[in-house]
Amino acid sequence: MIHTLSTSLDREIEERSGEKARLCYQCGKCSTGCLFNFAMDILPHQVMKLIQYGQKERLLSSGTIWICASCETCSVRCPNGIEVSRVIDTLREMALREGVKPAHKSIPLFHRCFLGNIAATGRISEPILMGSYKTLSGDLFSDIGLAFNMLAKGKIKIIPEVMRRREEVRKIFKETKK
Amino acid sequence: MKEYSYFPGCSQGSSAREYGESAIVAARELGIELAELEDWNCCGASSAHMTNHLLSVALPARDLSIAQNAGGDLVVVCAACYNRLKLAQKEMKENPQLAAQVEKIIGADPRFSGEIRHLLDVIMDSLDLDELKSRVKKPLSELKPVSYYGCLMARPKGLLEEVNYENPEKMDKLLAALGAEVKPWSYKTDCCGGSLSLTRTDVVVRLVNRLYEAAEEAGANCIVTACPMCLANLEMRQAEGTLQFKVVHEIPVFFFTELIVLALGNPRAEEWLGKHLVNPRPLLKKAGLAS
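Residue numbers (our numbering), protein chains in the order written: chain D, 1 to 178; chain U, 1 to 291.
Some clues are possibly wrong.
As the list claims (entries may be wrong) - 25 Å max Cα-Cα, derived DMTMM-like pairs, lysine to aspartate or glutamate:
hint, chain 1, residue 1, chain 2, residue 2
1, U, 286, U, 250
2, D, 105, U, 271
3, D, 171, U, 39
4, U, 93, D, 83
For the record, the hints were derived by calculation from the structure and aren't laboratory data. These figures come from a predicted structure and were not determined experimentally.
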């Protein structure tokens, strides 16, 4: 597969995140300590290398950028002080902005439902979040037993908790949408 | 009584109601009054910072401006909210341009001059452990917990209060003072899978199962946490791990605040036992801590 070279990738990421991927010297500490490495197609230290190589397409279409849960283990252990998880956040943001088809489409969909819930009521309400995600993902039944169990234990509030000045939160969403 | 502004966070009113309620009761038992912020909003959690950085600062910034009006320090119980609020405060402090941009977006001054603190830190810093020991009515002596902070409370380094970010110890000291036989383990700050719970359940099941295995290996009979997401993933995915890995784990998970209330002999601790997806009653009955 031929990939176009994006020579300005490390600069672009540095401008957006303040993190210098070019400092990475491939010690691999981030990847060995990563709890999610078994589910990744590109390991964190390889992400840093691919940034140095300007491999934008490969990075933005990778599964790794969505699998990373931002637990920040890599960031606290990096000997060069690179906040690896912040770099990955930036890659996700770039992928969404550039309309790259996500390798794991359910994950950005979940984020969209989560943020849609905040935009609507100001706070997360499990019935709204789970309802919208389950409907849009088509994965309706996988957690149905769990949902009943949570209802029975009073862990799901049917009537969502709604904040009062919702227009203030809606304005935040409107003005941060670039 | 020392009073603090308090940011409950969304989970504490619903899926982690036992955390929200026990936090207020435990704090009050220890002379700390938590006054909920007026009309707070969700911090944006993982979904905001993973998809829109500006939004991930602006959402908590609105809460910080409300906290500034309330005055004093701000106490948080959810590890994720704590991390997001702290980061927003830090970024705006270091980047005045960003603070000015956010000020325009939220229509209020987002600069919070107080300190954002996790309830565990507030409790441990204000507490005389010997005095606490003398107040324990029901020592947790049959409980063998492992402390599970989860990932977001102890990280990122330099930003949060925990200096020893790979091996935090405050919860161990607290639980030991309550009479528990705290077990050492090396998974204190490992991630539970966080927001992948619904989207990549397989990944979360694997991580959670690993935590249960490690807890058992350490000789623990319960896990104690300070994060609602950790507790949710641990409890929700315990049964699924049983199916996938053919090993049955039945280890109850508690919030540290529930155990404070229980050990101090406040009968309200009983109320929360029924809210757990992994029933803690058999263990507590055996330990003589519940009827």
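Hints, one by one, checked against the model:
Using a Cα cut-off of 25 Å, the hinted pair residue 286 of chain U and residue 250 of chain U holds, with the two alpha carbons roughly 14 Å apart. For the given pair, residue 105 of chain D sits about 40 Å from residue 271 of chain U by alpha-carbon distance, which is inconsistent with the 25 Å threshold. At roughly 15 Å between alpha-carbon atoms, residue 171 of chain D and residue 39 of chain U fall within 25 Å of each other, so this suggested pair holds. For the hint linking residue 93 of chain U to residue 83 of chain D, the alpha-carbon distance of about 18 Å falls within 25 Å, and the restraint holds.
The structure fails hint 2 only (numbered hints given earlier).
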